[in-house]
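Visitor: Starting from the known structure of chain X, fit chain E onto it as the hints suggest.
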Amino acid sequence: MRTFPIGGIHPHDNKEWSKDKAIERLELPDQVAITMIQHIGAPSTPLVQKGDKVLTGQLIGQAVGFVSANIHSPISGTVTAVDGYANGQGQRRLMVVIKREGDEWVEGIDRSAEHKRECTLSSEEIIAKVKEAGIVGLGGAQFPTHVKLSIPDGMKAEVLIINGVECEPYLTSDYRNMLERAEELLTGVEILMRAVNVERAVIGVENNKPDAIAHLREVIARDNYRGIEVMPLKMRYPQGGEKQLIAAVTGRQVPPPPALPISVGAVVCNVSTTIAVYEAVQKNKPLIERVVTVTGKELKSTHNFLARFGTPVSTLLDIAGLPEGDNKLLNGGPMMGRCIVDLTAPLIKGCSGITVLSGKDAVRGQELSCIKCAKCVEACPMGLEPYLLSKLGKMQKWDAAEEHNAADCIECGCCSYTCPSYLPLVDYIRLAKQTVAANIRARAAANKK
Amino acid sequence: MNELLLTVLTLSVLGAVLAVILYFVAQKFKVYEDPRIDEVEKMLPGANCGGCGFAGCRAMSEALVNRDNIASLNCPVAGGETMKSIAEFLGKAAGAQTPKVATMRCGGTCAKRPKVNTYNGPKSCAVVNSFYIGDTGCAYGCIGYGDCVAACKFDALKLNPETGLVEVDADKCTACGACVKACPKALIELRKKWPKNRAIYVACRSKNRGAVVAKVCKAGCIGCGKCAKACQFEAITIDSYLAYIDPDKCKLCRKCVNECPTGAIHIENMERLPKEPKVVAPKAEVKVETAKNE
Numbered sequence: 023m024r025t026f027p028i029g030g031i032h033p034h035d036n037k038e039w040s041k042d043k044a045i046e047r048l049e050l051p052d053q054v055a056i057t058m059i060q061h062i063g064a065p066s067t068p069l070v071q072k073g074d075k076v077l078t079g080q081l082i083g084q085a086v087g088f089v090s091a092n093i094h095s096p097i098s099g100t101v102t103a104v105d106g107y108a109n110g111q112g113q114r115r116l117m118v119v120i121k122r123e124g125d126e127w128v129e130g131i132d133r134s135a136e137h138k139r140e141c142t143l144s145s146e147e148i149i150a151k152v153k154e155a156g157i158v159g160l161g162g163a164q165f166p167t168h169v170k171l172s173i174p175d176g177m178k179a180e181v182l183i184i185n186g187v188e189c190e191p192y193l194t195s196d197y198r199n200m201l202e203r204a205e206e207l208l209t210g211v212e213i214l215m216r217a218v219n220v221e222r223a224v225i226g227v228e229n230n231k232p233d234a235i236a237h238l239r240e241v242i243a244r245d246n247y248r249g250i251e252v253m254p255l256k257m258r259y260p261q262g263g264e265k266q267l268i269a270a271v272t273g274r275q276v277p278p279p280p281a282l283p284i285s286v287g288a289v290v291c292n293v294s295t296t297i298a299v300y301e302a303v304q305k306n307k308p309l310i311e312r313v314v315t316v317t318g319k320e321l322k323s324t325h326n327f328l329a330r331f332g333t334p335v336s337t338l339l340d341i342a343g344l345p346e347g348d349n350k351l352l353n354g355g356p357m358m359g360r361c362i363v364d365l366t367a368p369l370i371k372g373c374s375g376i377t378v379l380s381g382k383d384a385v386r387g388q389e390l391s392c393i394k395c396a397k398c399v400e401a402c403p404m405g406l407e408p409y410l411l412s413k414l415g416k417m418q419k420w421d422a423a424e425e426h427n428a429a430d431c432i433e434c435g436c437c438s439y440t441c442p443s444y445l446p447l448v449d450y451i452r453l454a455k456q457t458v459a460a461n462i463r464a465r466a467a468a469n470k471k
Numbered sequence: 128m129n130e131l132l133l134t135v136l137t138l139s140v141l142g143a144v145l146a147v148i149l150y151f152v153a154q155k156f157k158v159y160e161d162p163r164i165d166e167v168e169k170m171l172p173g174a175n176c177g178g179c180g181f182a183g184c185r186a187m188s189e190a191l192v193n194r195d196n197i198a199s200l201n202c203p204v205a206g207g208e209t210m211k212s213i214a215e216f217l218g219k220a221a222g223a224q225t226p227k228v229a230t231m232r233c234g235g236t237c238a239k240r241p242k243v244n245t246y247n248g249p250k251s252c253a254v255v256n257s258f259y260i261g262d263t264g265c266a267y268g269c270i271g272y273g274d275c276v277a278a279c280k281f282d283a284l285k286l287n288p289e290t291g292l293v294e295v296d297a298d299k300c301t302a303c304g305a306c307v308k309a310c311p312k313a314l315i316e317l318r319k320k321w322p323k324n325r326a327i328y329v330a331c332r333s334k335n336r337g338a339v340v341a342k343v344c345k346a347g348c349i350g351c352g353k354c355a356k357a358c359q360f361e362a363i364t365i366d367s368y369l370a371y372i373d374p375d376k377c378k379l380c381r382k383c384v385n386e387c388p389t390g391a392i393h394i395e396n397m398e399r400l401p402k403e404p405k406v407v408a409p410k411a412e413v414k415v416e417t418a419k420n421e
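Protein chains in written order, with the working numbering: chain X, 23 to 471; chain E, 128 to 421.
By construction, these hints were calculated from the structure, which means they are not laboratory data.
Fair warning: there could be bad hints in the mix.
[To be verified] Calculated pairs, DSSO-like style, for lysine-lysine (alpha carbon to alpha carbon, straight line, at most 27 Å):
| id | chain 1 | residue 1 | chain 2 | residue 2 |
| --- | --- | --- | --- | --- |
| 1 | E | Lys323 | E | Lys299 |
| 2 | E | Lys312 | E | Lys342 |
| 3 | E | Lys285 | X | Lys419 |
| 4 | E | Lys280 | X | Lys416 |
| 5 | X | Lys305 | X | Lys121 |
| 6 | E | Lys308 | X | Lys413 |
[To be verified] Here are the in silico distance ranges between beta carbons for each label pair:
| id | chain 1 | residue 1 | chain 2 | residue 2 | range |
| --- | --- | --- | --- | --- | --- |
| 7 | X | Val385 | E | Leu286 | 17 to 27 Å |
| 8 | E | Pro172 | X | Val385 | 45 to 55 Å |
| 9 | X | Gln71 | E | Glu189 | 53 to 63 Å |
| 10 | X | Arg274 | E | Cys237 | 51 to 61 Å |
| 11 | X | Val399 | E | Arg185 | 37 to 47 Å |
| 12 | X | Ala460 | E | Gly180 | 19 to 29 Å |
| 13 | X | Glu123 | E | Gly180 | 33 to 43 Å |
| 14 | E | Gln359 | X | Glu49 | 53 to 63 Å |
| 15 | X | Lys419 | E | Glu160 | 28 to 38 Å |
| 16 | X | Ala467 | E | Gly218 | 35 to 45 Å |
| 17 | X | Lys470 | E | Glu166 | 36 to 46 Å |
| 18 | E | Ala277 | X | Ala460 | 18 to 28 Å |
| 19 | X | Lys419 | E | Leu133 | 49 to 59 Å |
| 20 | X | Lys470 | E | Gly180 | 16 to 26 Å |
Ideal Cβ placement from N, Cα and C applies to all residues, glycine included.
Pulled out of the complex, with its shape left as it was, chain X reads as follows:
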């Protein structure tokens, strides 16, 4: 069974807590707050003002520039404010607050449950629809999907890889999507194959989800989906990282930045994103909701919700029932999730799950000295030297950090996970990466002048 060649770890997947919970549609929230930055790139421009009436699916945030995404209203109602509010990490972001009145949709959106398989659109038309629907990578990185699908001149896609790995412990939203919405997913794959003009698509799924693999294979055989293959992958974190998945499926290594996955002929798209593409292209439905896992060992109940964006995190957690005492709330899983310190914060496009860690799981170990065991070097899937980068970050040697490729770090957290001295390796590397990236941008801007 295949996997990526270097690094990686094998944490307990902890999926048993929520993997058998069917997707349930969350009641429409009374009020939503929509962040104008739910993608990598420049923030979108709000198109509505206080007092405006909006319909579900109406465009409320216009993308600015190429690497940016549209934002649509997830409910119908009145805009009560356009102002800065705290996001999950407490940072102030421009948000549009909408108070719900009924549930009226924009005309032209097909809300029927009927499955539409046939698609005769051209590649450009599909990409235009994806762009219009504001689809971004739902695996967490929030990279605008239309940018991924627009193949640069002189390059050719050879294989479409669908990321069904979900290597992050605890999260089960992609898994539930593969089980319950396989037809939509596979039609989405066909559409994406048209968009990037390839004959072959591979759905990579880790072998801890045998029923998803079996189900997808069954549907492919039954409904005769051509050129789509389900590839079981050996369970290993961070297999869901774009570069790791390409290496696992094709055996090719993506060169360091600024090279993109397309330079080795691969286009990677997440399972949930693919379903969103299906809905955008076949049903004209913009990206206004997603499946989000709410999980944790000590939660009163765990769920896989289909929730509209902008729903306050507290609404989800109230249903799940937070355990008493201090808890660590994460937007995402325990390896890469970002902390949530403000429960009024809204659900965003990149939130595949909310993980609640309690008690011992929530506390870091006592930091000790580095014993030079090099476990972090062995674990790093990017072939970096985490002990060194973290030290350079701590000493603020940004130029040296750049030389040692701090910008290549994918922040997977394998180094911190393996460290027997509980060193906060990834924390300092993330700092170094951010600073190095800012320095590179500043240099590029200076050179342009």
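Guide: Just chain E now, with coordinates in the frame of chain X:
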């Protein structure tokens, strides 16, 4: 005996020949350096702090000697007097420099700005700032792990464990600006240094609305604008719900201090103005005119 003599002779001759060669080589490749650079370097404090904008005192003295106009160059550590004597020594005109002092603009002590979450990651402000706002509710306030304290080469900053805030020792501070760069929340500003270390400044950087600020911190500026109204010198401006006192316009009259409802305006080494008893303005009688007359 002969051998000994031979050895000594050989080495002596070799040494003499090499010395001559070295002498000519040194003459040939001599790099002329203005001797005044060394002199100026001696006059500078030698802290190598980078506060002047140069890599160190040597680079600064080279600039001082080589540039024609040195009015814009200033060593904040040495101060105006030393700069004047250096300018005199070089026969150039010194620029007028106002002494400055680092000012930490956050008043959110542990008591006034309660912690709302527990952070047990690395104790570094930069790391905290790289992924969230910190363990209090305020996105603009002091994180309190002392990145600025570590950056200070003059031992002028101190973390007060009781308040959780950083305090500046104005006597030790040389205004080199290292702490300004180190603070990820841009809380530290180099402000005009008054005699006897007097100071008035707004100890808050929160650009949130007043209601949001009041929720998370009892010492924050809520942008009510009372201070701006009280100021006779137009030194106070309000921008995004935040007051700012322009140190160049402020005359230390202290009228704003009593106006501030949250105590966000800090004064140092000065007494507050005595509080005037509040004069309740007699309510002007408003005649209600109704539309009946028409």
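Visitor: Would you pick out the hints that fail for this structure and give their numbers low to high?
Guide: 13
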